[in-house]
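Here the protein sequences line up with chains F and X, keeping their order. With the first sequence counted from 1, adding 490 to any position gets you our numbering. With the second sequence counted from 1, adding 490 to any position gets you our numbering.
If you're looking for bench data, these hints aren't it; they were derived computationally from the structure. Incorrect hints may appear among the rest.
Identical copies carry no separate label here, and so any pair may be met within one copy or between two of them.
Derived BS3-like pairs: lysine-lysine, alpha-carbon spacing no greater than 25 Å straight-line [claimed, not checked]:
(1) K774 to K652
(2) K715 to K678
(3) K773 to K510
(4) K784 to K746
(5) K715 to K675
(6) K739 to K784
(7) K784 to K675
(8) K510 to K675
(9) K784 to K678
(10) K784 to K552
(11) K510 to K774
(12) K773 to K739
(13) K746 to K652
(14) K736 to K678
(15) K652 to K553
(16) K629 to K746
(17) K649 to K746
(18) K553 to K643
Number of protein chains: 2
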Amino acid sequence: MSIIVLGTAALDTVTTPSGKRREMLGGSAIHFSMGASFFTQVNLVAIVGSDFPKRHIDFLNKKGVNLTSLVIGGGRTFRWEGEYRGDLNTALTLSTELGVLSSFRPQIAEHQRRIENIFLANVDPDIQRHLLSKMHAPKLVGLDSMNYWIDHKRKALLKLLKEIHIFVANDAEARSLSGETNLIKAAKALRRMGASIVVVKKGEHGVLVYCDDFIFCSPAYPVEKIVDPTGAGDTFAGGFMGYLTKARKADARSIKRAITFGTIMASFNVEGFGLERSAQVSKKDVDRRLAHFKQITSF
Amino acid sequence: MSIIVLGTAALDTVTTPSGKRREMLGGSAIHFSMGASFFTQVNLVAIVGSDFPKRHIDFLNKKGVNLTSLVIGGGRTFRWEGEYRGDLNTALTLSTELGVLSSFRPQIAEHQRRIENIFLANVDPDIQRHLLSKMHAPKLVGLDSMNYWIDHKRKALLKLLKEIHIFVANDAEARSLSGETNLIKAAKALRRMGASIVVVKKGEHGVLVYCDDFIFCSPAYPVEKIVDPTGAGDTFAGGFMGYLTKARKADARSIKRAITFGTIMASFNVEGFGLERSAQVSKKDVDRRLAHFKQITSF
Chain F
491 MSIIVLGTAA LDTVTTPSGK RREMLGGSAI HFSMGASFFT QVNLVAIVGS
541 DFPKRHIDFL NKKGVNLTSL VIGGGRTFRW EGEYRGDLNT ALTLSTELGV
591 LSSFRPQIAE HQRRIENIFL ANVDPDIQRH LLSKMHAPKL VGLDSMNYWI
641 DHKRKALLKL LKEIHIFVAN DAEARSLSGE TNLIKAAKAL RRMGASIVVV
691 KKGEHGVLVY CDDFIFCSPA YPVEKIVDPT GAGDTFAGGF MGYLTKARKA
741 DARSIKRAIT FGTIMASFNV EGFGLERSAQ VSKKDVDRRL AHFKQITSF
Chain X
491 MSIIVLGTAA LDTVTTPSGK RREMLGGSAI HFSMGASFFT QVNLVAIVGS
541 DFPKRHIDFL NKKGVNLTSL VIGGGRTFRW EGEYRGDLNT ALTLSTELGV
591 LSSFRPQIAE HQRRIENIFL ANVDPDIQRH LLSKMHAPKL VGLDSMNYWI
641 DHKRKALLKL LKEIHIFVAN DAEARSLSGE TNLIKAAKAL RRMGASIVVV
691 KKGEHGVLVY CDDFIFCSPA YPVEKIVDPT GAGDTFAGGF MGYLTKARKA
741 DARSIKRAIT FGTIMASFNV EGFGLERSAQ VSKKDVDRRL AHFKQITSF
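Just chain F, with the same shape it has in the complex (with noise of 0.2 Å):
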C-alpha cells in the first residue's frame, strides 16, 4: 500500500525566538511526507519551480519519496516567510510569493491513478478536486484546508467534503467552516457535511476525532522546546494517514493508534527548524516516545 500526496512544496523562510531560518524546504505536502514516509511509500503530487534547490530532490530521493508526479515547472517555487513570536501558536504570515503555484494543474502519472489512498493537503480546493478526479478508486481519501479557502472558496470546499472520507482541521478553521464554537458541536457539524471521520487539530492542546461510531480525545505530546512549528499539522496528517495505510483498515482502533503516531510525528517536526528533526526520525526515537506517551496519558 502506498499514498499520493497532493500539496505544496515550498521554500520557507521562518523565525521564532530560537533563531532565523532562510529558503528550507517546506510547504504541506512535504511536511506530510516526513510524517508518511516513516509507515508507507508516499507519491507526491506538486509542483516546484526551476530554481528549487537540487538538494532537495536529492533528500526527497533519499527518503523514498516517488517524485514521478512532481512538476518542475519554467517559473520561481512558492515562498513563504513567516514568524512565531511568544507561546508560539500563531504564525505571523511576512510573505507569500507564489510563483509556480498560481498556474499549478496537478499531472499524476497513469499507474499512481490507481493508488487509493489520498490526502489533498492544503492547496486550493479546485486543485484538490481536479486531482481527485483523476483518480480510478479512492478508497480512504483525507482533506486539508485553510481559512483562506474556506472564506474565498467556500462553495468549492463544501462540494469537496462531500467526496472525502477524512476531514483534518484545526480548531479555528472548524469553527470557522462550521459556525459553531463549541467544538464537539463543529465537529458533529463538519461530519454532516459529509466528512464521516473529523480530525480536529487544536496545536499544543492535542486532537479530537468525531465519528459516527466513537469521539477520541488526545493530548498532544508534551515538547520542553518548540523550535519551529511550521508543518506541525501537516506533518501530524503524515503519521495519520501514513499509519492508516500501513494499517490497511480505518476501524475505530487503527484511527486512534493513527491520531497517536500523528501526535508523535508531529512533536519530532517542532523540536527543530523545518525537516531538521522530522527527516532523522528513527524507528527507536518512535518507539521510545510512544511507550512514553502511553505512560503520561494513561491512568
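Place chain X on chain F using the hints.
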C-alpha cells in the same frame, strides 16, 4: 479521612449564552466542596454574611459538608457578578462586592486542626497562610490562587509555595507566576519554587501534571453543552483532592486517577448554572462517565 477547605462562599450572578441566574450559591470553597464531598467528608472554613440564605446552609448540611468553621459575620455575603461570551473560556467580571470577606480571619475548631489534608482555595495568600499556621499536622496541602494575588501579593504567595505540596493553577496563572510561556517549563519552574506536585488546568484543553517522578497529560471530558463554567476549576480541585484523601496516598497511580475524577466532576459542573448539576451527581453518573472517558482517551 476528611479534608479541610478554606476559600470563599459567595452569591454569584452569572450571565452566559444559556441565560442569567441571580445570587446563586457559589465561591471557591463551595464549588470545591461539591467535587470533594463525593469522595470524602469536607470541612468548610469560610465566611458568609448575615444575609446568607438559610436554604444554602440547609443544602450544605444535607450534602454532608461540616459547617463548624463557617463564620456568619455581621455584614453582607461576598458577591460576584460575571458574564461569559463566545467560547465561554474567559469570564468578564462585572462587579465584586467583598462584604464580610474583607475582614475575614479564618476560625477553625480545635478538633479540626488535626485534619491532615487541606486545600487552600483561592483567597488572599495571607489568609491561606494564617489557616495553615493553625493546623497541627498538615500532610497533604493543596493551594490555588489567582492572577490578582500573583500580581499584588507575589511575595506572600511565593513564601506559601514552599509550605505546600500541591499547587493547582490555570495556564495563565502558571505562566504569570513562573514567567515561562511553555507550560512544561512553567510547571518545572513552579516545582523549583516549592510545590512538589504542579497541576496546570487548561480549561477545555485538560490538565498537565508535573512532579519529579512523572508527568501526566489529560484531556478534558468533552462537554457539548457548556451552560456555566463558573467554579469548574474549583470543582476539579475538589474531585482531585477528595479522591486523594479517600485513597490515603499520593503516588503516581493515585494522582492520575485523582486527576481523572477531578476532570469528571468538573464536566458535570459546567453542564448547569452554579451547583445545579454538580450537586446532583450520583455514583452511577460518575461510573458511566469514567468508563466513557477511558474509552475516548485510551488507544
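Query - Alpha-carbon proximity between K736 and K678, which holds within one copy, between copies, both or neither at 25 Å - result: Answer is neither; intra-copy 28 Å and inter-copy 38 Å both fail.
Report task. Please work out whether the CA atoms of K784 and K552 approach to 25 Å or closer within one copy, between two copies, in both situations, or in neither? Result -> neither (31 Å within a copy, 41 Å between copies)
Query raised in the report: 25 Å Cα cut-off: does K649 pair with K746 within a copy, between copies, both or neither?
Result: neither (27 Å within a copy, 44 Å between copies)
Query - Copy assignment of K784 with K746, given that the CA separation must stay at most 25 Å - result: Answer is both: 12 Å inside a copy and 13 Å across each meet the 25 Å cutoff.
Report task. Pop the pair K746 and K652 into one bin, within, between, both or neither, using alpha-carbon distances up to 25 Å. Result -> within (23 Å within a copy, 41 Å between copies)
**Report entry** Up to 25 Å CA-CA - K774 versus K510, copy category
**Finding:** Classified as neither; 29 Å inside a copy, 55 Å across copies.
Query raised in the report: Given a CA cutoff of 25 Å, do K784 and K675 count as a within-copy pair, a between-copy pair, both, or neither?
Result: Classified as between; 21 Å across copies, 28 Å inside a copy.
Query raised in the report: With identical chains treated as interchangeable, where does the CA-CA distance between K629 and K746 reach 25 Å or less: within a copy, between copies, both, or neither?
Result: within (19 Å within a copy, 40 Å between copies)
Query raised in the report: With identical chains treated as interchangeable, where does the CA-CA distance between K784 and K678 reach 25 Å or less: within a copy, between copies, both, or neither?
Result: So K784 and K678 pass the 25 Å test across copies only (21 Å; inside, 28 Å).
Requested in this report: State whether the alpha carbon distance between K739 and K784 is at most 25 Å within one copy, between copies, both, or neither.
Outcome: both (22 Å within a copy, 23 Å between copies)
Query raised in the report: Checking K773 and K739: alpha-carbon separation at most 25 Å within a copy, between copies, both or neither?
Result: within (22 Å within a copy, 38 Å between copies)
Requested in this report: Check K510 against K675 for me: Cα-Cα at most 25 Å, and say if that holds within a copy, between copies, both or neither.
Outcome: Classified as between; 22 Å across copies, 39 Å inside a copy.
Hint compliance for this structure: hints 1, 3, 10, 11, 14, 15, 17 and 18 are not met, and every other hint is.
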